[in-house]
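Build the full structure now, drawing on both the sequences and the hints.
Number of protein chains: 2
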Amino acid sequence: MSDKDNVVFVGTKPPMNYVLAVVTQVHGGAKEVSIKARGKAISRAVDVAEIVRNRFIEDMTVKSINISTEKIKIESGEEINVSSINIVLTK
Amino acid sequence: MSDKDNVVFVGTKPPMNYVLAVVTQVHGGAKEVSIKARGKAISRAVDVAEIVRNRFIEDMTVKSINISTEKIKIESGEEINVSSINIVLTK
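Residue numbers (my numbering), protein chains in the order written: chain A, 3 to 93; chain B, 3 to 93.
The hints are simulated quantities; they were obtained by calculation from the structure and are not laboratory data.
Values in this document were obtained by computation on a predicted structure and should not be read as measured data.
It is possible that part of the hints are untrue.
The list cannot tell twin chains apart, which means a pair is met if one copy fits it or any two copies do.
Subject to a maximum C-alpha distance of 27 Å in a straight line, what follows is the list of computed DSSO-like cross-link-like pairs (lysine-lysine) [what the hints assert, rightly or not]: (1) K38 <-> K73; (2) K65 <-> K75; (3) K73 <-> K93; (4) K93 <-> K33.
Structure representation (structure tokens):
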């Protein structure tokens with residue numbers, strides 16, 4: 003992606019918060035938005051992409067979906083593996 | 003996919019149950035396995051795909067990932083929208 007700002011990180015808030023973030027970026031001129039999440043938030047990232055496409059910006063399509071594994075350091079100093087997803091929506 | 007049997011539906015059990023199901027299908031001769039999940043199990047489906055690829059069958063790659071929305075009828079008779087994912091791993 004050329005514009006690094008067009009990324010929405012999905013966390014533990016309600017899905018509509020992230021839907022609004024994506025819609026705001028598109029209305030601000032972004033042609034592509036990357037929706038990223040890790041761990042249990044992955045399901046919510048898929049919800050966000052589907053809600054944007056089906057209810058808000060119907061001419062957006064899924065350009066690519068990538069999954070990967072990231073190493074995260076937890077409080078004890080241990081490293082654990084966490085799955086991540088990157089859904090790129092495009093107009 | 004030509005062989006409809008090569009599908010693993012990911013639900014609420016621990017990820018390793020589904021990892022074993024995928025590995026068993028590949029060892030049984032499947033060249034492609036489809037990992038499907040809905041709702042909150044989507045995160046677990048991504049974990050399953052990543053664990054299979056990184057720890058068990060390292061020459062498997064992600065052939066495709068699709069997301070969609072399904073209508074589910076709940077007990078009250080109402081229809082609700084649920085996100086779903088289909089991750090196809092191939093050798």
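Against the structure, the hints come out as follows:
1. Taking the shortest alpha-carbon separations for K38 and K73, both the intra-copy value of 16 Å and the inter-copy value of 25 Å come in at or below 27 Å.
2. Taking CA atoms no more than 27 Å apart as the test, K65 paired with K75 passes in neither setting, with 31 Å inside one copy and 30 Å between copies.
3. For the identical chains of this complex, K73 and K93 are inter-copy neighbours only, at 25 Å across copies versus 32 Å inside a copy, given an alpha-carbon limit of 27 Å.
4. Proximity of K93 to K33 under the C-alpha cut-off of 27 Å is restricted to the intra-copy arrangement: shortest distance 6 Å within a copy versus 34 Å between copies.
Going through the hint list in order, the structure does not satisfy hint 2, though it satisfies all others.
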